[in-house]
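Chains as they are written, first to last, in numbering that gives the first Met the number 0: chain A, 0 to 258; chain B, 0 to 286.
Derived from the structure by calculation, the hints contain no laboratory data.
Glycine included, C-beta positions come from ideal geometry on N, C-alpha and C.
Worth double-checking, as some hints may not be accurate.
[Stated by the list, open to error] With a cut-off of at most 30 Å between alpha-carbon atoms, the simulated BS3-like pairs for lysine-lysine come out as follows:
#1 A:K5 x B:K129
#2 B:K155 x A:K21
#3 A:K21 x B:K170
#4 A:K46 x B:K216
#5 A:K96 x A:K135
#6 B:K170 x B:K155
#7 A:K46 x B:K81
#8 A:K46 x B:K155
#9 B:K81 x B:K155
#10 A:K36 x B:K81
[Unchecked claim] Cβ-to-Cβ under 7 Å is the rule here; a few derived chain A residues that face chain B:
#11 N48
#12 P81
#13 G85
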Amino acid sequence: MSQLRKFQQEFHTALLDQNNVKNIEQLIDSNGISADKRINVYRNNFKFNLTEALRSTFPVIYALLGEQAFTIWSYRFIAEAPSTEGNLHNYGVKFPKFIQQQPEYSDLQLPYLVEIGEFEWAYHEVFHETEIQPIKIENLASVNPSQYNEIVFEIHPASRLLKSNFPLIKIWRLGNGLDSDEVDLDAGGVSVLIARRELTLEFQQLSNEDYNFLRLTADGHTLGAIVDTIGSENPDFNLQECLQRQFQRNNFSGFYIET
Amino acid sequence: MSELTSALKPIPAMAGIGLRAEHYELIATEKPKCGWFEVHTENYFGNGGIPHHYLHRIRKDYPISFHGVGLSLGSVDPVNTKHLQRIKQLIAEYQPGLISEHLSWSSFNGVFTNDLLPFPLTTEFFNHFKDRVNSVQDFLEVSILVENPSTYLRFKHDEIPETDFLNDLAKQTGCGLLLDVNNVFVCATNHDFSAAEYIDNINIEHVKEIHLAGHTKNHFENGSILIDTHNTVVDDLVWSLYQCAIKRTGQIATLIEWDTDLPEFEILLNEASKAQNILDQVNVAAA
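Next up, chain B with everything else stripped away, as it sits in the complex (with noise of 0.2 Å):
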């Protein structure tokens, strides 16, 4: 499995940002500072057409990430050989510097929700999770990322502990981990418990990516939950885990995510410019 360190612009320790059509003229003309972008993998499923036009000069200029969202890594339904087999060619296309996807699942009987659902953490789950990754790891002839999700509720029949389960995936398929600091955030306040232990308890050797982004609070009778929603700035709270996360993987590449009611280009630039004055003065502990 080769290690995608060896792509022409390896993602740099740096702070980036998710790329988006409504910033391609102004990224492409303006070539802004920023360490890398990150592109949604299926927003480029098209053969052509203005998007690739723009993916392929920002490429030129900038290391590419691939962040995956619709290959429904966890799901039962047979993995969807066609789908993997585009991500295949943009990677040739492109070269990115990273892959990812998501601890989830959006299938089931070949209908898609084409949104991340949750799972019980189980050894029956760990086991065919395990064996998606291998398969698709094998199949894209790369090693990936697997990101911790965002989730809303909780099985009863959990088993296992979410950061064992990927740390065991990661020592056990050689995939890496991306941290979604964000997505911590929100689990720990949806499910009663700390963020900070839950950062400690990863392996941190496997984490080569971090993720920041807003989130939003819904209200109900009896009480409320967060919301991953990408669309507003990095919490205060996220910033403050961000820096505990930090000081134990050293400098790393770290996104910011923002991808509805998106902004201006500026407010994006500023966000991404906080991480780096953050990854910047970070002094690294011994993990």
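For reference, chain A alone in the conformation it holds in the complex (with noise of 0.2 Å):
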């Protein structure tokens, strides 16, 4: 192993686990000030910049936890799950669910917080999609009918489905200052669409049959099967209307026929 592989796997050791400093200290010209407060100061950094960087995401898990209860769960989650890129737009996504294993959850009484995280990362991702144009029902004219079943729509990328037990856009909406009613948490669960169209995010509140369609289509399932499947538990399912919605939300980039 080279000496600079050596100092960086050492300096590093020392960063994460704040008893494994001995080897790194003894290269380093305290001048005054311990080596390992120096390199605590390196040590706070880090640790300030993810938390930081998931504070920014995850706004009102931060709301709910308070600075000093956030702060602990995000240092306990930069020691399990650390960045593994330059990059942090990815860094987070397993806040929530690491959350629900943290032994004082049980005890917040926030049975909710697990949801708004994810809700909190959907919003995060549809926030940095990609921008592309949305299609209009127009561009349907060119199908031949003999092959609407054989249809299959492509969901907006900048869309991510979700369906709770609680009513996160609710809390989400608290939890942002946006609103100050109180939450009635027995109000029972959503299910939507958080959806970026330009510049514009927006929270879609779905019927079920809704959510169905949008969840079948975003599996690739082609819109007669779609049909068939919403069909035989709703015999009312109006597939036209449905399609009309998605139209007017702009929820469809593209499709295909299955062949």
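These two chains come separately, so use the hints to put the complex back together.
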């Protein structure tokens, strides 16, 4: 192992584990302030940077937990699921599930915390998603009616579909300071498409049929298969109206005919 | 290796400001008087969305530079080609006037600290860092600037003065230097050397950009350490050092950096205006 590799390994180890600093301490010119305190400046900086990244992605979890508890969980998360990229956009995808595994979780009386974390992550992804022009209903004019059943729609990439046990939209608005009304947790969950079209981020609250339609579409099913599946549960399902709603909301970015 | 001075809008020898999302709308709509803006490259690694919308709008009105914080340039880990590929795509998309990274490292064995870590100033590290700069420039097909770091400790086995390291790096790789005057001040205070001498020892012909930022002081029982926090105004002593620096460089692109505890844009404009006034008065001395 080269001297440089050995140095970087030992410095890195000392940053991640404050009880494992001996090898690197002896290389540091302390100059009045102990090597450990000097290393600790870097340790604090890197934990601060990653905690800030998590706080920026999960502002509602931060608001619900408060700074102290959020920081404690963030530090634990950094230790268990360290960053693996220089780009922090993807850091934190596992944070909601990690929260659920914390021993204090059940004492918090915040049973919606994991769901709101997943909601915030979906919002974060949609915020940064690809720009793409949605298709219009007129784009279907070229399709032979005999092929309608074989159409597979592509959901606009700046869209994430979620179904929850709690009223997440109201919790999200309250956590971001956009509402001050109390949230009735017994109001039940929501089916929602978090969508960004150009600069506008919106929460489309969905009926069961629309949720199922979009879920099956996102999974790559043909229109014919979707109608069969939803129609078997709900004989009143109106495909035409459902499609009109999706086009009005610019929810499709393309389609193809499955052959 | 192409110099980026051939970009559509090269960075002018004026004061610029670090672009932050909180100020997007104001800058895009009010178009304040400012020479240029610098972005953290990694903030635009997403495929689209609001950051790209505004950067495209702002790019139409101002020159833009890219400042990377995540490449882990000095790491012994392999260069992350996916990261470099994204930078290359962004260069093609926005044609920045300058591209910079840090004399630093951030990762080991694939685990990132996302912080700028210190390094021993040894011949081994110099050779490694030189090879990395060469390979990055070859990949990007442009020359980059390398920024002098803020450090909070030094190693007993340092072999090379940092200024020699930077001068030789520029000479041997063709990279430019980004002289962060606040970093010089922070290091000079933390490690008891003369900031003015450090600047005098930099081969000024390689310096293509200057950074100015605020710092904070952490107190300990046996002393204090200055931290490069980018969360406040530029210190008076750093302004003085800047005046010394530009007597050598002449008028040069100068950036006001402010990353945390972000103030109203007006405060950043005031800082940029201070830098611009100093730039306007500079008499270029023979280097």
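Each hint tested on the structure:
no., hint, result
1, A:K5 x B:K129, "holds, 19 Å"
2, B:K155 x A:K21, "holds, 15 Å"
3, A:K21 x B:K170, "violated, 37 Å"
4, A:K46 x B:K216, "holds, 19 Å"
5, A:K96 x A:K135, "violated, 38 Å"
6, B:K170 x B:K155, "holds, 26 Å"
7, A:K46 x B:K81, "holds, 25 Å"
8, A:K46 x B:K155, "holds, 26 Å"
9, B:K81 x B:K155, "violated, 35 Å"
10, A:K36 x B:K81, "violated, 35 Å"
11, N48, "holds, 5 Å"
12, P81, "holds, 5 Å"
13, G85, "holds, 3 Å"
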